[in-house]
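Visitor: Line by line, the protein sequences give chains A and B. Here the working numbering = 1-based position in the first sequence + 207. Here the working numbering = 1-based position in the second sequence + 100.
FYI, nobody ran anything at the bench for these hints, they're computed from the structure. Just so we're clear, the structure is a prediction, and the values are computed from it rather than from any experiment. It is possible that part of the hints are untrue.
DSS-like, lysine-lysine: derived pairs with alpha carbons at most 30 Å apart [stated by the list, open to error]:
1) B:122 with A:706
2) B:222 with A:797
3) A:878 with B:188
4) A:365 with A:400
5) A:706 with B:114
6) B:188 with B:222
Okay, the calculated bits of chain B under chain A, using three or more residues with CB under 8 Å as the criterion [to be verified]:
7) 105 to 116
8) 141 to 147
9) 183 to 192
Just so you know, even glycine gets a beta-carbon here, dropped at the ideal spot from N, CA and C.
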Amino acid sequence: MKYYVFHRHESLLIIISPSMNNISNSGNDAEVVATLYQLQILDTAREEEFDNIAILAAQICETDSAVIGFTDSKRFWFKARVGLRETFTEIPGGLAFCRNAVEETGIAIVEDTLENEILCDNPHILREGIRFIASVPLIDNQKLTIGYLCVFAPTPRKLSEQQANGLKMLAMQVTSLLMLRIELLKNSVDNYKEVEAQMKTIFLNSIDAVVVTDKEGLVLQWNPKAEEMFGWEEKEIAGKYFHKTCIPERYSDSYLKALKKSNNNNIGDANKSVEIKAVDRQTNEFDVAIGISPAIIRSRTYYICFISDITDRKRATEELDKQKEFYENILNNIPTDIAVFDSNHKYLFVNPSAIRNVELRKYIIGKDDFEYAIYRNRDTAGAELRRAKFLEAKETAKEIRWEDNLKSPEGIPFTHLRRMFPVHDKNGELTMVIGYGIDITERKEMEEKQSILLKKLSIQNTQLVDFCNIVSHNLRAPMVNMLLLVDFINESNDVEEQKLLVSEIKPVLDNLNTTFSELVESIQVKEDVEAKIEQISFVDCLNRAMEGLKTEISSSGAVIEVSFDKVPAIMYPSKYLYSIFQNLISNALKYRSPDRISHIKLKTIRKNKSVILSVSDNGLGIDLTKHGESFFKIGKTFHHHPHAKGFGLFMIKTHIEALNGKIWVESAPDKGATFFIEFTNQPLCNL
Amino acid sequence: MQPVKNIFLIDDDKLFVFLIRKTISLTGIPTNVEDFSDGMSALEYFKNNAGQPELLPDIVFLDLRMPIMDGWEFLDAYADIEPKLTRKNKLYVFSSSISPHDIERAKGIGLVTDFIVKPILKEQFAEILQS
């Protein structure tokens with residue numbers, strides 16, 4: 208490899224001149240400056256990569272100092288340097304080399320500056336005591352010389368061929384570094400531009416209004432959406448306070464509070480928005496959600512506000528709330544128990560009618576009846592029943608109904624009609640079971656009342672039929688007899704026979720009269736259901752009844768035995784009790800056995816809330832296997848007895864049943880009969 | 101000479117039985133009238149004499165209202181005995197009842213020829229006796 212050594216007497220090697228500061232393609236100063244600008248290298252800090260190359264250059268050339276420098280129109284500025292004073296950072300006026308010489312050899316060498324015409328009086332070279340300079344140009348890919356790698360020595364010397372080659376290679380290394388730098392810078396600029404464009408697009412096209420304010424709330428940036436939302440153009444709003452212009456006064460505190468609060472959050476945290484009112488240029492107020500992000504750029508605080516109009520959303524939410532309220536109102540006020548269960552019989556919902564207590568209502572959600580029963584200290588039998596019904600509804604996929612007989616905490620029984628209704632999704636999977644419960648206690652009571660009423664009606668109907676029969680028989684029969692008698696009397700010519708027939712009329716009439724009176728009495732009893740109930744002594748009442756039967760008793764010689772000491776009195780209409788005694792005693796006397804002295808025993812005992820009166824005799828008795836069913840029927844007689852008309856028992860039975868009592872008989876033929884009467888609802892005390 | 105007809109009256113009303121006997125005699129038809137004052141005694145008679153046709157009736161008049169065993173009870177028990185009777189008879193329920201219920205019930209029983217409401221005229225009686 209050849210190289211040239213320049214001497215002062217040879218053609219100009221180094222030119223330092225303000226007007227000729229570049230030896231590369233003449234007239235390309237501007238290009239060089241543009242390149243350096245592009246490199247963003249002038250006046251920047253030292254960089255290790257460049258410094259290392261300078262150190263290496265000094266070592267290769269065995270010199271004390273080296274620089275990597277760039278030339279603009281005014282100076283030769285050192286990007287890297289080694290072995291120089293701190294203050295020696297540039298050579299004003301620049302540094303230039305002969306283009307041709309450098310082009311040929313690629314290096315310019317001044318062995319002694321004092322021997323060089325141009326450099327010998329350069330004050331900077333002299334001042335620094337530089338006697339030797341070797342310089343290799345830094346050429347970019349456009350063939351422009353943009354700077355030099357130089358080594359300096361304080362004494363004159365030479366450079367070996369190897370050293371010159373090493374220096375040239377290092378210069379190429381610097382050029383590579385610079386090319387790399389250009390690429391990097393270019394990329395970063397492109398990136399920056401791209402990001403900026405993206406940001407701008409976001410800012411301009413954001414569906415939210417984006418407003419940037421300073422710390423005090425002065426508007427700095429205002430995007431088109433903000434213009435649309437508030438009706439102010441960017442230039443109109445600039446310099447105005449956002450919270451004074453766009454937020455109603457009564458909300459400005461909330462806004463400022465949100466600003467303050469945003470400082471406590473992490474920077475860039477705009478997630479937590481506040482919902483307040485905003486006002487547009489036409490002073491229309493509307494609902495907005497504002498998210499605020501504080502940003503600190505070059506130690507100044509900015510606020511970036513993202514504002515969305517939530518009028519529609521708010522309206523939709525309000526509408527939803529209204530609907531929810533509507534349905535909840537129905538569910539909460541309906542006088543029906545409603546519960547919704549998941550597929551495992553856990554509660555999803557229960558309305559206040561089902562569980563009045565709000566805490567309990569909250570408690571039961573997600574739990575089942577068993578957990579609830581245990582929680583409330585209740586028997587789990589109810590839960591078991593409901594579980595069985597639930598499983599039935601689940602398995603059959605059909606509505607299940609049943610009546611639940613319950614007791615209130617006060618012990619009052621009530622009845623609920625319960626229904627479980629399974630709900631399935633479109634795939635047929637059970638999603639939930641809706642349970643209804645309706646209090647049907649009243650209906651149930653009505654049904655029971657109706658059934659009692661029906662029973663009463665049916666009894667009364669039977670009595671009416673009986674009554675019709677007795678009228679037929681006991682009234683019509685004597686009438687028929689009378690008619691026949693009268694016919695015969697008319698047709699008879701025999702006076703004696705006529706007399707006989709006439710004598711038959713009297714008993715028929717008497718019979719008719721008695722029957723008629725008794726019928727009337729029995730009708731009156733039926734109408735007199737509300738006879739006055741009073742405390743009445745059994746003995747007193749019996750004595751009165753026996754007074755009326757004095758003749759019969761004395762003529763029969765009957766013995767009457769009384770045992771009322773257990774229950775001496777009852778609450779009852781005295782007229783009825785009188786009638787009971789009168790009828791039963793007269794029956795016992797009527798049907799006494801001709802073979803023995805009549806013995807009648809009367810006794811009272813208590814059975815819970817009832818009092819039972821028994822009247823026993825030792826008379827003819829009745830074969831109950833034959834007559835049991837029709838015993839107390841009206842007009843029923845069991846004996847060929849002249850006085851057996853069958854009214855008495857029918858009448859007292861009517862009395863007794865009218866007051867919810869009972870009458871029954873035990874008897875055997877020729878042994879006697881015992882009648883029992885149960886008076887219900889008799890108080891335990893006071894008697 | 102007409103054959104003598106056997107007639108049974110089952111009725112507890114003594115006066116009525118007396119009057120019926122008189123009415124029958126006025127028809128001039130030769131009859132032999134027996135009366136029973138309740139269903140039970142009539143039933144006993146049928147049981148005891150089922151195999152003796154000369155002692156059984158041609159016509160039975162049955163009252164409904166009677167002590168001991170009334171007409172209905174009699175009809176129940178009589179249904180068991182009737183097939184064994186060696187002489188067939190006509191049976192008229194003969195009552196002062198005007199209850200439609202009674203009339204329906206009586207007509208629903210196969211053994212009952214007819215339901216006759218008391219009183220009965222001599223002419224009607226003659227018709228029944230001669231049929």
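Visitor: Taking each numbered hint in turn, which are not upheld by the structure, reported in ascending numerical order?
Guide: Violated: hints 2, 3, 4, 8 and 9.
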